[in-house]
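Colleague: Sequence:
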Amino acid sequence: MIRVLLADDHAIVRAGLREILTATGDITIAAEATNGNEVLTAVRGGQFDVAVLDMSMPGRSGIELIKLVKAEQPRLRVLVLSMHSEEQYAVRAVKAGASGYLTKESAADELVAAIRRIAAGGAYITPETAERLVLDSAPADALPHTLLSDREYQVFRMICMGRSITQIADELALSVKTVSTHKTRILQKMQVASPADLVRYAVKHNLIDEA
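Letter by letter, the sequence shown follows residues 436 to 646 in the working numbering.
Keep in mind that the hints were calculated from the coordinates and are not lab data. A few of these clues could be false.
[Claimed, not checked] For lysine to any residue, the following SDA-like pairs were computed, each having C-alpha atoms within a straight-line distance of at most 25 Å:
no., residue 1, residue 2
1, K618, C595
2, K624, H519
3, K530, L583
4, K618, Y636
5, K505, S584
6, K639, L578
7, K639, A554
8, K505, E606
9, K639, L622
10, K539, H640
11, K618, S599
12, K502, A631
13, K502, D484
14, K505, A554
15, K618, A531
16, K530, L511
17, K530, A565
18, K539, R586
19, K502, L609
20, K502, V448
21, K530, L607
Work the whole structure out from these sequences, hints included.
Modeller: Following this line, the structure appears as structure tokens:
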């Protein structure tokens, strides 16, 4: 039996995923979590084969949460379930320790196969993501956004989605000064002059969600 930790802050999403998984016969949801802190508590107190993690939950989430989970349980396999397209986060998620990346719109059709493959020791990513992982290992070929740290990339995307410095600080529980510093470093690393340039870059490379 494959023991799954299911983490998503939306009850209706968890209910839908629970229905899909409980019908398999070989997968059981051993615990559920609604935020990053609950995920870490569950990981420290239970034994799971696969953790299915939403990328966007209250508190610790995303790349940071993947790294924390892997630090607590290095052998625990992580499947990221996200509303964001693979272009936006898949490579970073895999580099952080995830074994697979699945968009929520594909979950109904692919979730069971993804969990089974990951539990068996495999990976669940598209050929495009695998290719990008190879390309990203060559610094000379790296696109500017791949040079950003995980936190800088998170701030970069939030800037591109129209968040103000104050809003970003509130959402990430950071000081305004810290976010401003991240913004300055992002502009430097991306070699652009303004947030508008960041938005144009993000749109060109499909790094933000469509309105």
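Colleague: State for each hint whether it applies.
Modeller: Structure-based check of all given hints:
Taken as a hint, the K618 and C595 pair is honoured in the structure, with Cα atoms around 11 Å apart against an allowance of 25 Å. Restraint check for K624 and H519: satisfied, since their Cα atoms lie roughly 23 Å apart, inside the 25 Å limit. Taking the CA atoms of K530 and L583, the gap is about 13 Å. The hint holds against a cut of 25 Å. Between K618 and Y636, the direct Cα distance comes to roughly 15 Å. Compliance with the 25 Å bound is thereby established for this hinted pair.
Our distance criterion of 25 Å between C-alpha atoms is met by K505 and S584, whose separation comes to about 18 Å. The straight-line distance between the Cα atoms of K639 and L578 is roughly 12 Å, inside the 25 Å bound, and the hint therefore holds. Simply put, K639 and A554 have alpha-carbon atoms about 36 Å apart, too far for the 25 Å limit, and the pair is violated. Our distance criterion of 25 Å between C-alpha atoms is met by K505 and E606, whose separation comes to about 24 Å.
A hinted pair counts as satisfied when its Cα atoms are at most 25 Å apart, and K639 with L622 qualifies at roughly 17 Å. Using a Cα cut-off of 25 Å, the hinted pair K539 and H640 holds, with the two alpha carbons roughly 21 Å apart. With a C-alpha separation of about 11 Å, the suggested pairing of K618 with S599 holds against the 25 Å cut-off. The straight-line distance between the Cα atoms of K502 and A631 is roughly 31 Å, outside the 25 Å bound, and the hint therefore fails.
Restraint check for K502 and D484: satisfied, since their Cα atoms lie roughly 17 Å apart, inside the 25 Å limit. Between K505 and A554, the direct Cα distance comes to roughly 15 Å. Compliance with the 25 Å bound is thereby established for this hinted pair. Distance restraint check for K618 and A531: the Cα-Cα separation of roughly 22 Å lies within the 25 Å cut-off, and the hinted pair is therefore satisfied. At roughly 15 Å between alpha-carbon atoms, K530 and L511 fall within 25 Å of each other, so this suggested pair holds.
Under the criterion of a C-alpha separation no larger than 25 Å, the hint pairing K530 with A565 is consistent with the structure, at around 11 Å. For the hint linking K539 to R586, the alpha-carbon distance of about 23 Å falls within 25 Å, and the restraint holds. At roughly 19 Å between alpha-carbon atoms, K502 and L609 fall within 25 Å of each other, so this suggested pair holds. As the CA atoms of K502 and V448 are separated by approximately 24 Å, the hinted pair is consistent with the 25 Å bound.
Restraint check: the Cα-Cα separation between K530 and L607 comes to about 22 Å, which is no more than 25 Å; the hinted pair holds.
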